[in-house]
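Peer 1: Hey, can you work out the whole structure from these sequences and the hints?
FYI, in our numbering the residues of the sequence shown are 156 to 381.
Worth flagging that the hints you see were computed from the coordinates, not collected in a lab. As the structure is a computational prediction, the values presented were derived from the model and not from experiment. Check the hints yourself; a few may be wrong.
[Unchecked claim] BS3-like cross-link-like pairs, simulated, lysine-lysine; straight-line CA separation at most 30 Å:
hint	residue 1	residue 2
1	252	330
2	340	227
3	252	227
4	244	340
5	340	252
6	366	227
7	340	330
8	330	227
9	366	340
10	244	227
11	330	244
12	366	244
13	366	330
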Amino acid sequence: RRRRMPCCHCWEAVSADRLVTMGENSRRQEGATVEHCIFAFDVLHAHFGRSPVPPPMFPTNEQYPLFVTWSKRDSAGARHLRGCIGTLKAQPVEAIKDYALSSAFNDRRFQPLQLAEVPLLECTVSLLTHFETAAAWDDWQIGVHGVWIDFVDPSNRARNATYLPDVPPEQGWDKQETIDSLVRKAGYSGPISDALRASIRLTRYQSTLCKLTHEDYLARRAAPVR
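Peer 2: Okay, structure coming up:
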C-alpha cells in the first residue's frame, strides 16, 4: 500500500512544560470551525488577487497551537498533501492567516502553491488541545493523540519532532513505527535502540479539526448573509 507523505512541520520548538500549560489554557475553547477554513481560503485568494483580506468571521480573542494543511485533488479524485505548517506555541487564532500562507508557500517539501492549483485544494485547520506529559514513549492512543517527542541523541544533541493525531492511522503505523519515524524526522540517523526510545520524553495532545474544499468555500462565500 502506498503511503501518503506525513503532514505537519512545526514552526517553533517549544518545551514540553510549555506545551502542558498551553493545553490547560485551551480546554475551554470550542475548537476548529468552518469559519476558520473560510478565513484560510480568504487569505489565499487575497494573496493571489493582491487584495485586502476580509475580516474573520470568528472570535479573535482566543489562542491555540494550530496547524493549517493544504491538500490537492488529483485527476482520480484522490487528495495529496500540498503543504502543512503550524506551531505548538499558543497563538491568537487569527494567526491562521500567517500559517495559511506559510503552508502554501514555505513548506520546503513542495514548490510554492500556484494560482491554477487553488480550485483543487482542500483546507484543514487543526486547533490543538489537551496537552499532557505521557508516562512513557508508548503512553498514547493511535487516532486520538498527536505526539511530540523530546530526546537527546548519543552525541548529546537535543532533538524534537511532532505528528498530528491523524498521521499514524493515515500511514498505517503502530506506536513504535510512529515513534521511530519521529526520531528520523527529528534528524537523528543513527540506530534506534530500546534505550533511545526509553529516553524519550513524550507529550501527547488532541486536536479539533475542520476541512473545507474550495468548491464548498465558493458556495459558502456566494450564499446570502443571514
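Peer 1: Please go over all the hints and tell whether each is borne out by the structure.
Peer 2: Each hint tested on the structure:
no.	hint	verdict
1	252 with 330	violated (33 Å)
2	340 with 227	holds (23 Å)
3	252 with 227	holds (19 Å)
4	244 with 340	holds (19 Å)
5	340 with 252	holds (26 Å)
6	366 with 227	holds (13 Å)
7	340 with 330	holds (15 Å)
8	330 with 227	holds (28 Å)
9	366 with 340	holds (26 Å)
10	244 with 227	holds (27 Å)
11	330 with 244	holds (25 Å)
12	366 with 244	holds (22 Å)
13	366 with 330	holds (26 Å)
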